[in-house]
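Chains as they are written, first to last, in the numbering used here: chain F, 1 to 253; chain P, 1001 to 1315.
Just so you know, the hints here were simulated from the structure itself, not pulled from any lab data. Treat the hints loosely; a few may be bogus.
Calculated cross-link-like contacts (lysine to aspartate or glutamate; reagent style DMTMM-like; alpha-carbon spacing at most 20 Å) [said to hold, decoys possible]:
{"id": "1", "chain 1": "F", "residue 1": "K79", "chain 2": "P", "residue 2": "E1103"}
{"id": "2", "chain 1": "F", "residue 1": "K18", "chain 2": "P", "residue 2": "E1097"}
{"id": "3", "chain 1": "P", "residue 1": "K1064", "chain 2": "F", "residue 2": "D250"}
{"id": "4", "chain 1": "P", "residue 1": "K1084", "chain 2": "F", "residue 2": "D78"}
{"id": "5", "chain 1": "P", "residue 1": "K1145", "chain 2": "F", "residue 2": "D252"}
{"id": "6", "chain 1": "P", "residue 1": "K1102", "chain 2": "P", "residue 2": "E1118"}
{"id": "7", "chain 1": "P", "residue 1": "K1076", "chain 2": "F", "residue 2": "E214"}
{"id": "8", "chain 1": "P", "residue 1": "K1064", "chain 2": "F", "residue 2": "D188"}
{"id": "9", "chain 1": "P", "residue 1": "K1004", "chain 2": "P", "residue 2": "E1238"}
{"id": "10", "chain 1": "F", "residue 1": "K79", "chain 2": "P", "residue 2": "E1097"}
{"id": "11", "chain 1": "P", "residue 1": "K1076", "chain 2": "F", "residue 2": "D252"}
Pairwise CB distance ranges, derived in the manner of DEER restraints [unchecked claim]:
{"id": "12", "chain 1": "F", "residue 1": "M1", "chain 2": "P", "residue 2": "D1228", "range": "18 to 28 Å"}
{"id": "13", "chain 1": "P", "residue 1": "N1048", "chain 2": "F", "residue 2": "D250", "range": "19 to 29 Å"}
{"id": "14", "chain 1": "P", "residue 1": "N1217", "chain 2": "F", "residue 2": "F26", "range": "52 to 62 Å"}
Even glycine gets a Cβ: it sits at the ideal position worked out from N, Cα and C.
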Amino acid sequence: MRTLTVALNTYREAVRDKILYVLLFFAGATILASKALGYISMGQDVKIIADISLAAISIFGALIAIFVGTNLVYKEIDKRTIYTILSQPMWRYEFVLGKYLGLAMLIGTTTGLMGFGAAAYLWILGGAVNAAYFEALFLIYCKLLLVTGLSVLMSTITSPILGAIIVLTAYFLGHATGILLELPGHFDGTLSKQALEAAYYVVPNLGNFDIWREYANGVAVPHSYVAWAAAYGAIYTVMLLFFAAVAFQDKDV
Amino acid sequence: MGAKTIAIETCELHKVYRKHLGRKGKPTLAGLNLQIFENEIYGFLGKNGAGKTTTIKMLCGLMKPDSGSARILGQKVPSRDARKLVGYLPENPYFYEYLTPKETLTFYGRLRGLSAKERAREWDRLSLDLDLRDIADQRVRGFSKGMRQRLGFAVALVGNPPIVILDEPMSGLDPMGRRRIRDLIVRLRDEKKTVFFSSHVLSDVELISDRVGMLVNGRLHRQGVMDDLLATRVQLVEVVARGLEPHVAQEIARTAFRTRHSEESDHFSFSDMDQANAAAAEVLAHGARLIEFSPVRESLEDYFVREQVQVEVGV
Ligand SMILES: Nc1ncnc2c1ncn2[C@@H]1O[C@H](COP(=O)(O)OP(=O)(O)OP(=O)(O)O)[C@@H](O)[C@H]1O
Ligand SMILES: [Mg+2]
């Protein structure tokens, strides 16, 4: 109940954030512009449009998660609205969770909007909008929930700028976890090699959530894979939120 | 009078804020012990930076002491059970700018776990007490200091907590606003609540507090019942007489440290109560009229400044 109160209020506040509309505008523009690229690669236009649209939903969704998320708790401390909230008979984890859920709801809304918009666009252009499309969209949302979790964690421990840099870095590394193991051989056994290897196991493999290319190319992805990827995301997200709650528990505000 | 119940108690609170790079500064609290009784108004004094806000934040669960402990009505701080008992008005309260007072109270009512019916009742009660009805549906964004303070008060009182902690509730308010807050604080005591508040407006503190405590160098430097602290320090007694023969007036003037003669009356100021009494007897014995006999006691402000200066020069 208290968590939900905070969540609804966070949603209400985030909806007013201008950066949200800027990002949504660019996402929409990218999806519409994808048709132009479709012409270039002759005869492939629907495939390209599907590919670019879902990539845009993923990237702009992540930007929303990062730029709104890393501000979330920090802003309450900075603007001192937090004093009258944490002094209420609520647990601190309820506050962190409420903030997270509010943003998760918002990202659900934007992903839904962009996803259904892109679906309508694809359908008009003769593309196949089927279960696979919505599975791809669903896993993008799972990925965004994870990125939101990391952003909220950062916002409990550091400033929005540093937080955004860290999450962006993690985001790019997460899409290219393979490179962490690709240090040339003569680095074997060195500290940097070990550090990168450790990072490989800590940084979530965000590529696991990207099945839109398969959808665009009409390659079937088994439902069991979708379920596995969703569970993978859920475990990471729960861990990140746990760390956020722990970091926030004893913080002086 | 039976033993008083303790509402708020702190035991050896210590706090050092870390400066840049983790270096320690001067301790803000260095073993603060406080005991606030139930159903009293306690004024918490100390100059800027003394650590009043720090103490209050600890009591409200926003900050942890480095060492030491505190209890509120027996519940250890910080804890959810303790927070249930406390209503808190921060120094310069901030609320969500895009909400209206009505929405704000709904939000805090929910956090306090009030049902929709209770929330509606709280709104009726508090919007009336704090005069929020005219601005019920305006966004907080454009609010003046006084409006924010009133809303802050309403938030502190939502759910009717027995302990009310106020950080500078009168700062920045106009005389009307200050009076309203004073009346409200006194009414809270009538409702059997305990009020712990910090303030720099010592004339207001003096008017309403049962006891005051003064924080100096991170500890409680002085504490006491207001009347005891100030009554022992009668600074001067004003005696005004009418119809005195000039030679009697001159006689009396010899013991006074200041005399002023106007067309109809003689004003004498004495630094000593016995001398003032003798002068009054003299006035009456000569068949003149005594129109004023008023001991002027030290104000809380005089007391505060004197104590602070003493500490600083190391007396
Ligand atoms: N978050 C903080 N970080 C570092 N130092 C702080 C912090 N908050 C307070 N201080 C320092 O602790 C001391 C006490 O501050 P505090 O706000 O408790 O004083 P105060 O008695 O409320 O003062 P005022 O009357 O001006 O409100 C000050 O020296 C202040 O600089
Ligand atoms: Mg203060």
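Now for the hints, and whether the structure bears them out:
With a C-alpha separation of about 19 Å, the suggested pairing of K79 (chain F) with E1103 (chain P) holds against the 20 Å cut-off. In summary, the hint linking K18 (chain F) to E1097 (chain P) is supported, as the alpha carbons are separated by about 15 Å, within the 20 Å threshold. Taking the CA atoms of K1064 (chain P) and D250 (chain F), the gap is about 7 Å. The hint holds against a cut of 20 Å. A threshold of 20 Å between alpha carbons decides the hint, and for K1084 (chain P) with D78 (chain F) the separation of about 25 Å lies outside it, so the pair is violated.
For a cut-off of 20 Å, the pair hint linking K1145 (chain P) to D252 (chain F) is broken: about 26 Å separates their Cα positions. A C-alpha spacing of about 14 Å is found between K1102 (chain P) and E1118 (chain P), which places the hinted pair at or below 20 Å, so the restraint holds. The suggested pairing of K1076 (chain P) with E214 (chain F) is violated, with an alpha-carbon distance near 58 Å, which exceeds 20 Å. For the given pair, K1064 (chain P) sits about 46 Å from D188 (chain F) by alpha-carbon distance, which is inconsistent with the 20 Å threshold.
Taking the CA atoms of K1004 (chain P) and E1238 (chain P), the gap is near 38 Å; set against the 20 Å cutoff, the hint is violated. Restraint check for K79 (chain F) and E1097 (chain P): satisfied, since their Cα atoms lie roughly 10 Å apart, inside the 20 Å limit. Under the criterion of a C-alpha separation no larger than 20 Å, the hint pairing K1076 (chain P) with D252 (chain F) is consistent with the structure, at around 17 Å. M1 (chain F) and D1228 (chain P) have their C-beta atoms about 48 Å apart, which leaves the hinted 18 to 28 Å range violated.
Separated by about 28 Å at the C-beta atoms, N1048 (chain P) and D250 (chain F) satisfy the suggested range of 19 to 29 Å. Taking 52 to 62 Å as the suggested C-beta distance range, the pair N1217 (chain P) and F26 (chain F) conforms, at roughly 57 Å.
Of the numbered hints listed earlier, those contradicted by the structure are 4, 5, 7, 8, 9, 12.
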